[in-house]
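Taking our numbering, the leading residue of the first sequence gets 3, the next gets one more, and so forth.
Hints were generated in silico from the structure; no laboratory data involved. Among the clues, some could well be false.
Unchecked claim - Under the rule of at most 20 angstroms between Cα atoms (straight-line distance), these lysine to aspartate or glutamate pairs were calculated in the DMTMM-like manner: (1) K213 - D177; (2) K213 - D189; (3) K58 - D21; (4) K213 - E184; (5) K58 - E81; (6) K213 - D201; (7) K213 - D164.
Claimed, not checked - Cβ pair distances, simulated, as ranges: (8) A72 - D189: 31 to 37 angstroms; (9) Y175 - N228: 25 to 31 angstroms; (10) R185 - G112: 16 to 22 angstroms; (11) F24 - A72: 35 to 41 angstroms; (12) R64 - D171: 41 to 47 angstroms; (13) D215 - P121: 43 to 49 angstroms; (14) T9 - N52: 19 to 25 angstroms; (15) A174 - E124: 20 to 26 angstroms.
All C-beta atoms, glycine included, are put in the ideal place defined by N, C-alpha and C.
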Amino acid sequence: MTAPSTTTPSTEEVQTLYDRLFTAYGPQRWWPGDGPFDVIVGAILTQNTNWTNVEKALETLRRTGVWSFAAIHGTQRDELAELIRSSGYFNQKARKLHGFAALLENEFHGELDQLLGLPMDELRARLLGIWGIGEETADDIVLYASGKPSFVIDTYTRRIVDRLGWRVDGDAYGDYQSLFVERLRPDTALFNEYHALLDHHAAEVCRPTPKCDGCCLLEICLTGRNTHHESS
DNA sequence: TACCAGGTGACTG
DNA sequence: CAGTCACATGGT
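Could you put together the complete structure from these sequences and hints?
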């Protein structure tokens, strides 16, 4: 076999993927965090980094009382970087946290609710204007901190979509995002759960080296079919 | 021991 | 616009 045949998924297939994951894993209780501050800081710190490393950094921030954007705003860059060292890329991430805190302080009087209360597209655009906040982090914040239906795409989501054999119209973030958005009703609870399920599945089963044995997607997956039944 | 983990921005041709 | 690189820690 050479080039696997990819096909554009139907609305039904996008729904079926969700159903299979939900049946296999149940509700995921995401995001791991208590409130908007927790979620936003976590979203920035977890960029290309294992969540356990982020938890250590969050715990350090909490323990040292740097547990508000006002506190972050008032903490020196190198000191802040030291507090979040365990999350990796700590110099860059300190700058990102400062960027968020500065926007909040300077343009929203430090009131998180005011920023998060913006219409979804406006909020997303504001977040993307902050240095170090790209599309995934912006969508994490829009969905999990603001509670608005923006579908999150990450490495895990791309990996699953690619292995299923779904045709994507390009390689950009938005190309993967529209695959879902164009086929689902914009529902915050659904987007929340869908992304959580995809991440759980990719972390536990659809790993870099996939564990296809017993995978709940085997029957609808191009990679799984090729790996297991050579019945093509 | 390399590889991997819930990315992003800068720079190049 | 597509490819490549720096940024950095901790677990397996």
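Outcome of the hint check:
{"no.": "1", "hint": "K213 - D177", "result": "27 angstroms, violated"}
{"no.": "2", "hint": "K213 - D189", "result": "31 angstroms, violated"}
{"no.": "3", "hint": "K58 - D21", "result": "34 angstroms, violated"}
{"no.": "4", "hint": "K213 - E184", "result": "30 angstroms, violated"}
{"no.": "5", "hint": "K58 - E81", "result": "16 angstroms, holds"}
{"no.": "6", "hint": "K213 - D201", "result": "15 angstroms, holds"}
{"no.": "7", "hint": "K213 - D164", "result": "16 angstroms, holds"}
{"no.": "8", "hint": "A72 - D189: 31 to 37 angstroms", "result": "34 angstroms, holds"}
{"no.": "9", "hint": "Y175 - N228: 25 to 31 angstroms", "result": "27 angstroms, holds"}
{"no.": "10", "hint": "R185 - G112: 16 to 22 angstroms", "result": "39 angstroms, violated"}
{"no.": "11", "hint": "F24 - A72: 35 to 41 angstroms", "result": "39 angstroms, holds"}
{"no.": "12", "hint": "R64 - D171: 41 to 47 angstroms", "result": "43 angstroms, holds"}
{"no.": "13", "hint": "D215 - P121: 43 to 49 angstroms", "result": "46 angstroms, holds"}
{"no.": "14", "hint": "T9 - N52: 19 to 25 angstroms", "result": "34 angstroms, violated"}
{"no.": "15", "hint": "A174 - E124: 20 to 26 angstroms", "result": "22 angstroms, holds"}
Going through the hint list in order, the structure does not satisfy hints 1, 2, 3, 4, 10 and 14.
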